[in-house]
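Residue numbers (the numbering used here), protein chains in the order written: chain A, 1 to 430; chain B, 1 to 163.
The set of hints was computed from the structure by calculation and includes no laboratory data.
Certain hints may be false.
Unchecked claim - Interface residues of chain B toward chain A, partial, derived using beta-carbon atoms under 7 Å:
1) Q5
2) A61
3) G157
To be verified - Straight-line alpha carbon distances no greater than 16 Å define the calculated EDC-like cross-link-like pairs of lysine to aspartate or glutamate that follow:
4) K96(A) x D145(A)
5) K287(A) x D145(A)
6) K96(A) x D47(B)
7) K72(B) x D225(A)
8) K96(A) x E151(B)
9) K101(A) x D57(A)
10) K41(A) x D145(A)
11) K395(A) x D11(A)
Note that the Cβ used here is the ideal one computed from N, Cα and C, for glycine as well.
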Amino acid sequence: MDKSADGFIVDDREAGLFRVNRRAFTDPECLADERRRIFDKCWIYAGHESEVPHAGDYRSRTVAGRPMILVRGDDSVVRVLLNTCTHRGALVCRQKSGNAKTFQCPYHAWTFNSRGQLIGVPGEDSYSDAFKRDDMALAAPPQVDNYRGFVFVCFDPSADSLYDYLAGAREYLDLVADQSELGMKIVSGQQSYSARANWKLLVENSYDGYHGMPTHQRYFSFLADIGVDMKGRDLTTPSYQKAVDLGNGHAVVEYQSAWGRPIAHWVAPFGEHRKAHFEEVRRRFDKRFGPERAQRICETSRNLGIFPNLVINDIMAITIRTFYPVSPDYMEVNAWALAPADESAEDSALRLDNFLTFLGPGGFATPDDVEMLESCQRGFANREVGWSDISRGMKREHPSITDELQMRAFWRRWNQLMTEPRLKRARKAA
Amino acid sequence: MSSIQLPGRQEVEDLLYEEAALLDEWRLEEWLGLLTEDAVYEVPPTDVPEGDSRNTLFIIADDAARIRSRVKQLLGKAAWSENPHSRTRRMIANVRVVGADGDNILVTANFAVYRMRYESVDTYVGHYDYKLVRVGNDLRIRERRAVLDNEALRPHGKISFIL
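Produce the complete structure using the sequences and hints provided.
Below, the structure written as structure tokens:
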């Protein structure tokens, strides 16, 4: 490795150079380390409380490579349970979603309630007195917490609280969560896809303003074709923009955008008949938050990356996207649309329509992003070219959204976690 | 419910086979000629195959203008996910004329679509729900809904061509 490198990165602030060793994208040992040092240590997004609105509602899904159940118990508490029978291991929940009072393991019929407590063991009199039901409840991650509806899990019992972990990202989650007084909800329908690329390429891509025009020119041509006014609002010359390092590896870009925003930024393709309604919604935001914050919520777009693998892009619609590596060169991606819980049917249809113009595996942009990530991954086979450059805007006082400050924020944190000395394992008592 | 005369299966098969050939050969402008002016093209999400695009997040929910824009983009140079074009091969089978709804002729058919690119082969499996209409002597496509049986777009990653 390069002599000036610190672990996987070269971070020369004086010269203004930042490089990432491409081994970070290709090396199976690096991925094994990431599982221990990143995914077992950080807070990982598991779901949104709106996905289980009623007591007994559940969703089974894979989070950080583990089968889990997001469930609202009969006590209305939202929990995350590890989907494995404490007896011999089988999945106790085998449906993707539903409502249940109990989860019964199909293998030996152990039965757990919606809080995860073991409430039924066939032939229990065959067990010794040392066998206690209380010891055999469904396990949960050591830490589970919720910030404004977003539910996270953490496998490190000694990790900082979710509130502290989120650091500066809370401000941006608030800008999303504040879009409805009645809370936000996940819309029906999950986009489940993948990319033949390393997961960190999607982190970089999700808030990369620099790629916008070249990679997505077909989208901007489409906007112009349908009558969107692009003046002062294309990604290279927005009238307002900033890129912010939010701490703990989180980062955001925020900017004035060309596209309409279904929350309250009207554009011509939405139709004249909707203009008055948008103005009315905007007035309600002005009243609730004052004009400055209202304008920020309604008119600016945000691409937010929460370390390590959660993206919340509040752009022409709101997408929540999380992803996890299966191998160094393949990731699984899950994405949802988030909307105000009290949105009308007409507004919701407009929001979903606007979402699909750009986002998702059939949109006019996401497939081209996936193409670029896969293209990078194939390019990495040229091991002679060992480093990627992430230096853009490094010497600027106020880096723009087409610079790469946001990626450097991610990589610095990632590199720190990947290279810091491992805590010594507690010695086993002799 | 309706007094319209349903077409025979062979006439419907001729239309669907012609459509498949045009799409596989990337003759997308000619394919647009098979659609009505108010055509709709939808791909529901894999977890809500029966969903309604007005209240469910689809993968694709194009009205006629969006379909034409999609074709224009795909035939241009900047749709990178299809430049260079992938090879596709469609197997259309189990074609059934299942009824009518107003002047719409309801047709279902199974599909297996293979997409080949960069030496990967991805298989899309599912069924189409069509609404066809009689225009003069011909049948035209008013609605085509490609419902995937795949539980996720894995390892496909995308639907960048016309499914």
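**OP:** Mind checking the alpha carbons of K96(A) and E151(B) for me, to see if they're no more than 16 Å apart?
**Re:** holds (11 Å)
Original post:
Are the Cα positions of K41(A) and D145(A) separated by 16 Å at most?
Top reply: holds (15 Å)
Original post:
Quick one, are K395(A) and D11(A) close enough, alpha carbons at most 16 Å?
Top reply: Distance ~12 Å between K395(A) and D11(A) Cα, so the pair holds.
**OP:** Have a go at the G157(B) hint: is there a Cβ in chain A nearer than 7 Å to its own Cβ?
**Re:** holds (5 Å)
Subject >> Straight-line alpha-carbon gap K287(A) to D145(A), limit 16 Å >> reply: With a Cα-Cα distance of about 32 Å, the restraint between K287(A) and D145(A) is violated, given a limit of 16 Å.
Original post:
Do the alpha carbons of K96(A) and D145(A) lie within 16 Å of each other, as the hint requires?
Top reply: violated (22 Å)
Original post:
Hey, does the Q5(B) contact hint survive, CB to chain A under 7 Å?
Top reply: violated (35 Å)
Original post:
Quick one, is the A61(B) hint okay against chain A at 7 Å, beta carbons?
Top reply: holds (6 Å)
**OP:** Would you mind confirming whether the straight-line C-alpha gap from K72(B) to D225(A) stays at or under 16 Å?
**Re:** Satisfied, since the Cα-Cα distance of roughly 11 Å is no more than 16 Å.
Subject >> Pairwise hint evaluation, D47(B) against K96(A), where the allowed Cα distance is 16 Å at most >> reply: holds (9 Å)
Original post:
Quick one, are K101(A) and D57(A) close enough, alpha carbons at most 16 Å?
Top reply: It holds: about 9 Å lies between the C-alpha atoms, which stays within 16 Å.
Violation of the numbered hints given earlier is confined to hints 1, 4, 5; the remaining hints are satisfied by the structure.
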